[in-house]
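Colleague: Each chain, written out:
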Amino acid sequence: MQRVTVVLGHLAARPAGGPALRAAQCGGVATAPGHDGEQDDVVVVHGRRTPIAKAKRGGFKDTTPDELLSAVMTAVLTDVSLSPEKVGDICVGNVLQPGAGAFTARISQFLSGIPETVPISCVNRQCSSGLQAVINIAGGIRNGSYDIGLACGVETMSLRNVDTPGDVSSRMMDNSKARDCLIPMGMTSENVAERFGISRKKQDDFAMASQQKAARAQQMGLFKNEIIPVRTTVKDDQGNQKTITVLQDEGIRPSTTLEGLAKLKPAFKENGSTTAGNSSQVSDGAAAVLLAKRSKATQLGLPVLGVLKSYAVVGVPPDVMGIGPAYAIPVALEKAGLTVNDIDIYEINEAFASQVVYCVEKLGIPKEKVNPLGGAIALGHPLGCTGARQVVTLLNELKRRGKRAYGVVSMCIGTGMGAAAVFEYPGK
Amino acid sequence: MSGAGAGARRAQAFRLPGRHGYAVEFSPYLPGRLACAAAQYYGIAGCGTLAVLEQNEAGICLFRSFDWNDGLFDVTWSENNEHVLVTSSGDGSLQIWDTAKPTGPLQVYKEHTQEVYSVDWSQTRGEQLVVSGSWDQTAKLWDPTVGRSLCTFKGHEGIIYSTIWSPHIPGCFASASGDQTLRIWDVKTPGVKVVIPGHEAEILSCDWCKYDENVLVTGAVDCSLKGWDLRNVRQPLFNLIGHTYAVRRVKFSPFHATLLASCSYDFTVRFWDFSKPNPLLETVEHHTEFTCGLDLSLHNHGQVADCAWDELVKSYTPSCLAAPV
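Listed in order, the protein sequences are those of chains A and B. Per the working numbering, residue 1 is the first one in the first sequence, and the count goes up by one each step. Per the working numbering, residue 1 is the first one in the second sequence, and the count goes up by one each step.
In short, the hints are calculated from the structure, not lab data. Think of the CB as a built atom: it goes at the ideal place given N, C-alpha and C, for glycine as much as any other residue. No incorrect hints appear here.
Within a straight-line C-alpha distance of at most 20 angstroms, the following computed EDC-like cross-link-like pairs (lysine to aspartate or glutamate) qualify: (1) A:Lys-201 / A:Glu-368; (2) A:Lys-428 / B:Glu-200; (3) A:Lys-362 / A:Glu-194; (4) A:Lys-265 / A:Glu-194; (5) A:Lys-428 / B:Asp-179; (6) A:Lys-403 / B:Asp-179; (7) B:Lys-110 / B:Asp-67; (8) A:Lys-428 / A:Asp-342; (9) A:Lys-296 / A:Glu-85; (10) B:Lys-193 / B:Glu-213; (11) A:Lys-367 / A:Asp-344; (12) B:Lys-210 / B:Asp-186; (13) A:Lys-177 / A:Asp-319; (14) A:Lys-403 / B:Glu-200; (15) A:Lys-428 / B:Glu-157.
Just the calculated beta-carbon pair ranges, DEER-fashion: (16) A:Pro-115 / B:Val-194: 49 to 55 angstroms; (17) A:Cys-181 / B:Ala-13: 54 to 60 angstroms; (18) A:Ala-262 / B:His-286: 52 to 58 angstroms; (19) A:Gly-9 / B:Arg-234: 26 to 32 angstroms.
With the sequences and hints as input, model every part of the structure.
Modeller: Laid out in C-alpha cells, this is it:
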C-alpha cells in the first residue's frame with residue numbers, strides 16, 4: 001500500500017559523496033555548496049564482455065587472448081563514441097599469460113585501433129585480476145594521473161594451463177603458510193567444506209541454483225546488453241578451419257538436476273565433496289570497463305552506469321583461501337558507510353560452491369541477493385577476466401532493475417586473499 | 001543533562017502504548033503542556049490518537065486523549081484559544097479539538113483526498129488561519145470558524161509533507177514536497193510565488209527562521225538540511241550534513257537566529273548552529289525508532305520535546321542548550 005511505499009522511499013537514499021568524504025561529514029562539517037566532492041567520483045561509464053566459452057572444446061578454443069581483448073576494447077569505445085586517444089591509461093587483468101600478458105595486451109590495443117600514445121599495463125592478482133584492473137585505473141583517476149581509463153580482464157584457459165608456481169625457494173617447505181600457497185585450489189575448497197561444515201548437499205543445491213539462475217537469465221536475454229558477439233575460427237578434429245560467431249555463454253546447463261549433481265565423483269579428494277558440478281568451469285573470455293572522473297564524463301557527455309564507492313582486499317589463510325569474500329566484503333562495506341542489508345546485489349565469484357556458501361552464510365546475505373544471474377559454476381571462470389565480467393554483469397542488472405541501488409563485486413583469491421568493491425547504480 | 005546548570009531541566013519521558021509518534025508541539029499558552037499526534041501500527045494502518053500531555057516536576061502525565069479512526073500525522077495549537085488544537089489525518093481530514101470537550105472533535109473538515117501530513121496555525125498578528133498539506137499534492141487554507149476551505153493551492157507535483165506559516169509575513173506560507181521543491185505561497189494570490197528546487201531528493205520538512213524573514217531551512221531524504229535566503233535562492237545559504245538517513249522534521253530555535261534542530265529516520269535528534277565552522281552542536285540518541293516529531297519550547301529556553309515510532313515522547317534540555325542565554 002502507498003504508505004509503506006512512501007516511507008520506504010524515504011529510506012532509500014543515503015548520504016551522497018565518496019567514502020572518505022562521508023567520514024568527515026559525519027562530524028557535521030558544513031560543506032560549501034557545489035563542493036560536495038561528487039565531481040571527483042570515479043564512475044563506470046560503460047562495460048562489455050565476450051561470451052564465456054568452454055575451454056579446450058568451446059568456441060574460443062583456438063582464439064588467442066589478444067583477439068578476445070580486442071573485441072571488448074573496441075566495443076566499449078565504439079558504444080560510447082569515445083575517440084581512443086582520449087583514454088589516459090589501460091590496465092589488463094590476466095593470470096596465465098607469461099608476465100600477466102604484457103605483450104598480449106599491447107598487441108590487442110593496436111588490434112583495437114587504440115594509438116601508440118595510450119599506455120597500457122597488466123596486473124595479476126589471481127582471480128581478482130579483472131577487478132584489480134578496475135581498481136588500478138580508478139586509482140590513477142583518483143590521484144590525478146588521467147581522467148579516463150580502460151580496465152580489462154582476459155583469460156584463455158584453452159591455451160594455457162594452471163601450472164608450476166614459478167621459481168621458489170626450498171626454504172618454503174619450512175614455513176607452513178608459504179607451503180600452503182601450493183595447495184591445489186580444489187583442496188582448499190575441501191578444507192573450507194570440512195572445517196566449516198559445508199555439506200555436499202548444500203554445495204550441490206547452490207550449484208543447481210546457479211545453473212537455474214543463469215539459464216533463466218540467458219533465456220530472458222538478460223546478458224544481451226553486456227555480451228559482444230565474437231567472430232572467430234575453430235579447427236575441427238581433421239584440422240579444418242571454420243569461421244563461427246560465438247553469441248552466448250556456453251557453460252550454462254538448463255538440464256542440470258540435483259540427482260545428476262549428486263552422482264558426480266569428488267574431483268580432488270576421495271570422500272571429498274567438491275565435484276566438477278559444484279566448482280567453477282574452466283573457460284575463455286574477456287571483459288572491459290571504461291572508467292572516468294565524474295566531471296570528465298559530464299564534460300564529454302558520457303553516461304554514468306555506476307559509481308565506485310569503495311574497495312578492499314584482505315589476506316586470509318592460504319589453505320582456506322575461499323573464505324576471502326567473508327572478510328573483504330565487511331571491510332569494503334564499512335569504507336562505503338553501508339551495511340550488508342543496504343546492498344541489492346552481491347556478485348560473488350563461484351570458485352567453488354563450498355566457499356560461496358560459507359561466505360554467504362557467514363555474512364547473513366539473503367540468498368536471492370547473491371549472483372541473481374548465476375555465477376562461475378554455470379557461466380565459467382576465465383580467471384583474469386572474471387572480476388571485470390562481474391562488474392559488467394552487476395551494473396547491467398542494477399540498470400535493468402532501474403532504481404538507485406548498491407551492489408558488491410567480490411571473489412576469493414588463490415594463496416589466501418579476498419577482494420570486494422562496492423558500486424552504486426545512480427538510478428534512471 | 002540532569003541537573004546541570006540553572007537552566008537545565010530533567011529529561012522526562014512518556015509512553016503512548018501501541019501508538020507511534022508523528023508530531024509533538026508545545027502549547028503557546030501553557031509552559032508545561034504539549035500535544036502529540038500519533039498513529040497505531042506505525043501509521044501504516046489503524047487508528048490515531050491525539051495525546052495532550054501535562055508536564056511538571058514529577059514527570060509527564062496524560063491530560064487528555066482523543067482517538068480518531070485513522071492515523072494522526074500532525075498537530076497544531078490554536079493561537080487564540082488555549083484549549084483548541086487542530087490535527088491532520090490519514091483519511092484526508094482535519095479535526096478541531098477542544099480539551100474542554102472530551103467527547104469528540106468540535107469540527108471535522110474532510111476535503112483532501114489523501115493523507116494530510118501537515119497542519120499549521122498562522123503566527124502573525126491579526127490572522128487566525130490554518131494551512132494544511134496533503135499527499136493529494138495540494139495545500140488548503142482554512143478559517144476554523146468557516147466550515148470549508150477558503151482556498152486550494154495547486155502546483156506541487158508530489159506529496160506535500162510540510163506547510164509552515166511565515167512568522168513575519170502575513171498570509172505567507174512555505175511548503176515542502178516530494179517533488180524536490182520548496183515553494184512559497186501568498187494566500188492573496190492563487191499561484192505560487194517562489195519555487196526553489198532545493199534538493200535532488202524528496203523534501204520532507206521546512207521551517208522559517210524566527211529572526212530573519214527571508215531565511216528558511218529544508219530537510220530532505222538526501223540526509224541533509226539546507227538553508228535558503230529568499231533574496232537569492234540559486235545557492236543554499238548553508239548545507240548541514242551528518243544525519244545518516246532522511247531528515248524527517250526540522251525547526252529553527254525561537255531563541256537564536258542561527259540555531260536549529262532536526263530529527264531523522266536515523267533515530268537521532270541533532271542540534272546545529274549554521275554560523276559556526278563546525279555546525280553540528282550535539283547528537284541526541286535516545287530513541288530506538290524513526291524520530292518524527294520535534295519542537296522547541298517558547299517558554300523555557302533550551303527545552304525540547306520529541307517523539308518517535310518507539311511510542312515515546314521525550315522532553316529534555318540538550319546540553320548544548322543548557323547554558324543560560
